[in-house]
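Let's have the full structure, built from the sequences with the hints guiding it.
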Amino acid sequence: MMMTPFSTKFADLAWQETRTITVCGRDELPDGEYAFVESYCDEASCDCRRVMPNGAWSDERGAGVGDDQLWVGE
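Just so you know, our numbering puts 66 at position 66 of the sequence shown, and the rest follows in order with no gaps.
Be aware that one or more of the hints could be misleading.
Simulated pairs of lysine to aspartate or glutamate, DMTMM-like, Cα-Cα distance not exceeding 25 Å [what the hints assert, rightly or not]: (1) K9 - D42; (2) K9 - D47; (3) K9 - E43; (4) K9 - D31.
Think of the hints as simulated: they come from the structure by calculation, not from any bench.
Below, the structure written as structure tokens:
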């Protein structure tokens, strides 16, 4: 299954529909603004209607989860 960002086909609408949160004072996440963008299944033969929200931090650092721990890189 291939997940395609909504913005690749509907850029103007995606910009209007993108939601953000601001995180402050949390040990688990760096302070800053996070945008949530969605991807969806675009296989022609599939009718799963699956949507995957993805969080993106506005400060362009990488973050990931592995071995049950959060890591943040610069």
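Evaluation of the provided hints:
{"no.": "1", "hint": "K9 - D42", "in the structure": "holds (11 Å)"}
{"no.": "2", "hint": "K9 - D47", "in the structure": "holds (18 Å)"}
{"no.": "3", "hint": "K9 - E43", "in the structure": "holds (14 Å)"}
{"no.": "4", "hint": "K9 - D31", "in the structure": "violated (31 Å)"}
When held up to the earlier numbered hints, the structure conflicts with hint 4 and nothing else.
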